[in-house]
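Protein sequence lines correspond, in order, to chains A and B. Here the working numbering is used: the first residue of the first sequence is 1, the next is one more, and so on. Here the working numbering is used: the first residue of the second sequence is 1, the next is one more, and so on.
Don't read these hints as lab results, they were simulated from the structure. Just so we're clear, the structure is a prediction, and the values are computed from it rather than from any experiment. Beta carbons are placed, not taken as given, at the ideal position from N, Cα and C, and that holds for glycine. Incorrect hints may appear among the rest.
Unchecked claim - Label pairs and their in silico Cβ distance ranges:
hint : chain 1 : residue 1 : chain 2 : residue 2 : range
1    : B       : 109       : A       : 250       : 48 to 58 Å
2    : B       : 80        : A       : 138       : 25 to 35 Å
3    : B       : 68        : A       : 162       : 49 to 59 Å
4    : A       : 135       : B       : 215       : 46 to 56 Å
5    : B       : 49        : A       : 16        : 15 to 25 Å
6    : A       : 162       : B       : 62        : 41 to 51 Å
7    : B       : 80        : A       : 38        : 47 to 57 Å
8    : A       : 263       : B       : 117       : 20 to 30 Å
9    : B       : 109       : A       : 162       : 22 to 32 Å
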Amino acid sequence: MTNYVMEARHLFKTYVEKKAKKTKEVGGDTCPTGKHIVDAVQDVSLQIRKGDIKLIFGPSGSGKSTFLRCMAMLETPDKGQIFLGDEELTKSGVDVNKARARIGFVFQHIYLFRHLTALGNVELALRQVLKLPKEEARKRALDALAEVKVSDCINRYPSQMSGGQAQRVGIARAIARNPDIILLDEPTSALDPELTGEVIDTLRDLAREGTTMLIVSHEMPFAREVAEEMIFYDEGKIVETGPPSQFFNAPNTDRAKRFMDRIINRTTRE
Amino acid sequence: MFEWLFNPIYQGMIIEGLIVTVEVTLFGVLLGLGLGTLLAIGDLYGNKPVKGAIAVYVEFFRGSPLLVQLFIAVYAIPTLLNFPIDHTVLAFLVFGLNSAGYQKGYMKGAMETIMGDQMQAGLSVGMSKAQTLRRVILPQAYRIVIPSWTNEFCSLTKSTSVLMLVGIQDLTGAGRSIIVSTMEVLPGYIFIAIIYLVWITSFSKIMDIIYEKKKIPGIELDMLS
């Protein structure tokens, strides 16, 4: 028996980034051509207990999203183990679809099902995955949509919603199955600044209810308020972990310090 | 000029011919849709041998004349198999298989625009790839593909006139037989053309209505561009 809701042990993932062939830039520079190997996850271990809220942050391109997608088994890690409760997801022969049903995932670019209304988006997995009867699926979907405060647009299609509404529907879709944990990949970074607030409010509500969450985000005020632990991630590795106070006051590592400086300066200047 | 139109024998021939044309078109376009969808899925998700086989299939049916395909099916295959097969059955199959070669392209194009993010979303809620295909990707792909499918229907309907060259009396064949005995060449062919026109136009209109009815904001043909 482990005490962890989810755990990553010595995870590795590299991927090959294909660069466009001979892209000529305006200045006359040429982009490097050919293949480029990205070490997105290099020996990363992480444990999450029930009710934990952990926040991963770091420079873009550092592999945070890849790590999160590996945790959800949306990408298969090259090496290492992922546990969901006692079950090892990285073992061969494990039904990863079943495992994913117990993990909620919120995408940066939202990814709602475009042919379904808000209600349909939340209902689909309840019907197809949990095999709930129609009535019960509808009730649970409506509850989830009410929880993220989008009850007024349940019959709208994704293209008819604002980014903030769509992302809250995305969150409703993730929480409706009562997953063991919710993984959120920069849930606000694709939204207009004035819309991030409503999504952050929703996340705050979830935090208050004790939802277990692993969030990739750069929303520092939010992090400070709800995260138990912040994880500074750079070049495929966890560089430093600690409570928000540590990062806001005096990070231990230079890299984290420089990064925090940049972020905080940017925030105060705005 | 049009007296022959009132002859019950000719009327019967035209109706029978029209039925053959309609049957073979609908059969062809539906078999083509089903098989084309499977080919598209195979091409997107299959391994190399599967993809290779699909490419050969598509190139054969798109790259050779329909009439040649019909001749092969009707005259060569029963001999090869040493087993008599009804010409009409073979001809129906050829139209379906031929149409699948084209429809695979339409379906694949539509699915490619949808696949990336929607597959991720489907997997993320715990659905399998197959479930996501069925519940998410295909419902969107079919909506996108309706206009191309209508075009495919129009062109297939007109191609059915080659049926008379393998001895199957379709609408054109019926018209030709009537003209041979009445010698009313121009009125005869004009009348036949009008029947095609009415049938194709009405079917296209129906498809337009279905397209409008099934249309969902955000899922439109311009996604393909």
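Verification of the hints:
no.	hint	result
1	109/B x 250/A: 48 to 58 Å	holds, 56 Å
2	80/B x 138/A: 25 to 35 Å	violated, 57 Å
3	68/B x 162/A: 49 to 59 Å	holds, 56 Å
4	135/A x 215/B: 46 to 56 Å	violated, 29 Å
5	49/B x 16/A: 15 to 25 Å	holds, 24 Å
6	162/A x 62/B: 41 to 51 Å	holds, 44 Å
7	80/B x 38/A: 47 to 57 Å	holds, 54 Å
8	263/A x 117/B: 20 to 30 Å	holds, 28 Å
9	109/B x 162/A: 22 to 32 Å	holds, 30 Å
Consistency note: the structure conflicts with the earlier hints numbered 2 and 4.
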